[in-house]
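Engineer: The primary structure of each chain is shown beneath.
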Amino acid sequence: MNTPLPLEQTSLPMIRALGLIALVSGVLIVVAYEQTAPRIERNRQQAIDAAVFALLPGAQTRRDFVLATNTLRAATVADQGDRLYAGYDSDGQLRGLVLPGAAAGYQGVVSLLYSYDIACACVTGMRVLQSLETPGLGDRIGSDAAFLQNFHQLDARLDAAGNRPAHAIVTVRHGRRQQAWEIDAIAGATISSRAVGKAIARSTEHWLPAVHAQISLLQGAAHEH
Amino acid sequence: MNTEQPLTADTFLAGLWRENPVFVTVLGMCPTLAVSNSVLNALAMGLATTFVLIGSGALVSLLRNVIPRAVRIACYIAIIATFVTVVDYLIQAISLRLYQALGAFIQLIVVNCIILGRAEAYASRHPPLASMINAAGNGLGFTLALLCLGTVRELLGSGSLLGIPLLGPQFAPWVIMLLPPGGFFVLGGWLLLFNWRQRKQGVKIPVAEVHRHGA
Ligand SMILES: Cc1cc2nc3c(=O)[nH]c(=O)nc-3n(C[C@H](O)[C@H](O)[C@H](O)COP(=O)(O)O)c2cc1C
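If you're matching them up, the sequences are chains A and B in order. Just so we're aligned, residue 75 is where the first sequence starts under the working numbering, counting upward by one. Just so we're aligned, residue 5 is where the second sequence starts under the working numbering, counting upward by one.
Honestly, the hints are just simulated from the structure, not real lab data. The beta-carbon is built from N, C-alpha and C at its ideal position, and this holds for glycine as well. Mixed in with the good hints, there may be bad ones.
Taking CB as the label site, the calculated pair distances span [said to hold, decoys possible]:
#1 B:Val179 with A:Ala148: 18 to 28 Å
#2 B:Leu196 with A:Gln134: 51 to 61 Å
#3 B:Pro185 with A:His241: 37 to 47 Å
Here are a few chain A residues that face chain B, going by a calculated C-beta distance under 7 Å [stated by the list, open to error]:
#4 Pro87
#5 Gly93
#6 Ile95
#7 Leu97
#8 Ser99
#9 Val101
#10 Leu102
#11 Asn117
#12 Gln119
#13 Ile122
#14 Ala124
#15 Ala125
#16 Ala193
#17 Cys194
#18 Thr198
Simulated coverage check for chain B against chain A, where a stretch passes if three residues somewhere in it have a Cβ under 8 Å from a Cβ of chain A [claimed, not checked]:
#19 85 to 97
#20 196 to 206
Take these sequences, add in the hints, and give me the full structure.
Structural biologist: Okay, structure coming up:
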């Protein structure tokens, strides 16, 4: 250890070994990525299809839209970010919309999809996509039948000008629900229940003004693409 | 560095039972406690780790004469991270639901010290075939241990096995079994059982091994 070896004798084998490993790693990762990417994308689409068709009975196809500068337009593959899914039956009739929402829950972000009916201006169903809520407590937001009943006809009307919700959707403590735009929390999981309410409230505020301004775009989109 | 052991049945069996990475050498506790709350999660985590063990064991062994001692840990980590990335893609391709259930613990396989331990203690001194067999034994030993925990935790915490309800609607699930404390309780129970059995048989637990690797 007293007389250090000349640089070229010590560093070359290291560079050679690390370079070789980087090369092998790169090849392995690229091959794995290319082999799995189509299946991963298909899995993603199937998961969305399953959620959309479960929320919109009768729907058989879907079209995706994005919101850019307060205007809806058909989504392209290049579009990142949140999408609105419109579901159509076999005759091309619009059966409803499915919208995304997300808010912080007890342990992490709760992300969900909910269905919206334009005619009744109400939420008609909700599905939790991903959450880290405590099993047996917070995760009941996805399974508790009484809680899910809240979303069968949840009032999401816009004000007269059509710019914002007439009443903000809000979660109230268990047993205190009085208004059609209120969500009755699960006792013992108030924080998770609030996250669901907040996610839907924010999402309706974000999407619905554009949805109501562009109903004909959504209704006529079944056969495009 | 001529510590090479001949290829025998023990090459495979040691990690599976006598030196089981979880119950005997108490390594890899983070995923053991975190993702053993259901049989399916335990199985998926165990098999993913086994894949990384075998892949990295093979590559470390193939390159063992090229890797200089001074940078060997960096080399092992790069190799392990490669196989973790591959298994990450594979699980996403198999099932997104499973991928979400395992969460960050797939990426964290990189820091599972069972794998680094095998690379350093075995694969860097043995030919590829022996390294892969030894890795498979350890991987399956790890999977077996996760399944031991997952079975008890899912049965008591959800009243089901592999998602199939077994204990009937009367059963009130012990939710704590699904939470982190449940992981510690069940692991403690299994360690008690293993140590009691080994003491009865007069087998010495390799304490030195435990201390050498840490958690
Ligand atoms: C270990 C543990 C996990 C919990 N997990 C959740 C949860 O996932 N979601 C939730 O809303 N509350 C959870 N809580 C309960 C909250 O602390 C809080 O008591 C509850 O949300 C309030 O609801 P309540 O006023 O209806 O009792 C948890 C509590 C403990 C001790």
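Engineer: Does each hint hold? Answer for all of them.
Structural biologist: So, going through the hints one by one against the coordinates:
Restraint check, Val179 of chain B to Ala148 of chain A: a C-beta distance of roughly 45 Å breaks the suggested window 18 to 28 Å. The hint said 51 to 61 Å for the Cβ distance between Leu196 of chain B and Gln134 of chain A, and at roughly 56 Å that hint holds. Between Pro185 of chain B and His241 of chain A the Cβ separation comes to about 42 Å, which falls inside the hinted range of 37 to 47 Å. The criterion of a C-beta within 7 Å of any C-beta in chain B is met by Pro87 of chain A, whose closest approach is roughly 5 Å, and the hint holds.
Look at Gly93 of chain A: its Cβ only gets to about 10 Å from chain B, farther than 7 Å, so that hint breaks. With 7 Å as the threshold, the beta carbon of Ile95 of chain A comes within range of chain B, its nearest partner Cβ sitting at about 5 Å, so the hint holds. Look at Leu97 of chain A: its Cβ only gets to about 11 Å from chain B, farther than 7 Å, so that hint breaks. Interface restraint check: Ser99 of chain A against chain B, minimum CB-CB distance 4 Å, threshold 7 Å, status holds.
Look at Val101 of chain A: its Cβ only gets to about 9 Å from chain B, farther than 7 Å, so that hint breaks. Given hint, Leu102 of chain A at the interface with chain B, holds; its Cβ is 5 Å from that chain's nearest Cβ, closer than 7 Å. Proximity of Asn117 of chain A to chain B holds as hinted, the smallest CB-CB distance being about 5 Å (cut-off 7 Å). A hinted interface residue such as Gln119 of chain A counts as satisfied when its beta carbon comes closer than 7 Å to some beta carbon of chain B; here the least separation is about 10 Å, so the hint is violated.
A cut of 7 Å between beta carbons decides the hint on Ile122 of chain A: the least distance to chain B is about 10 Å, and the hint is violated. For Ala124 of chain A, the shortest C-beta to C-beta distance to chain B is roughly 10 Å, which exceeds 7 Å, and the interface hint is violated. Hint status for Ala125 of chain A relative to chain B: violated, with the closest Cβ pair at about 12 Å, above 7 Å. Interface restraint check for Ala193 of chain A: the shortest CB-CB distance to chain B comes to about 33 Å, outside 7 Å, so the restraint is violated.
With a least beta-carbon distance of about 32 Å to chain B, the hint placing Cys194 of chain A at the interface is violated under the 7 Å criterion. Taking 7 Å as the C-beta contact cut-off toward chain B, the hint placing Thr198 of chain A at the interface is violated, the least distance being around 24 Å. Requiring three or more residues with a Cβ within less than 8 Å of a Cβ of chain A, the coverage given for the region 85 to 97 of chain B holds, as 9 such residues are present. Figure legend: the region 196 to 206 of chain B, annotated as covered by chain A; annotation inconsistent (0 residues with Cβ-Cβ distances under 8 Å, at least 3 required).
Hints 1, 5, 7, 9, 12, 13, 14, 15, 16, 17, 18 and 20 from the list above are not met by this structure, while the remaining hints are.
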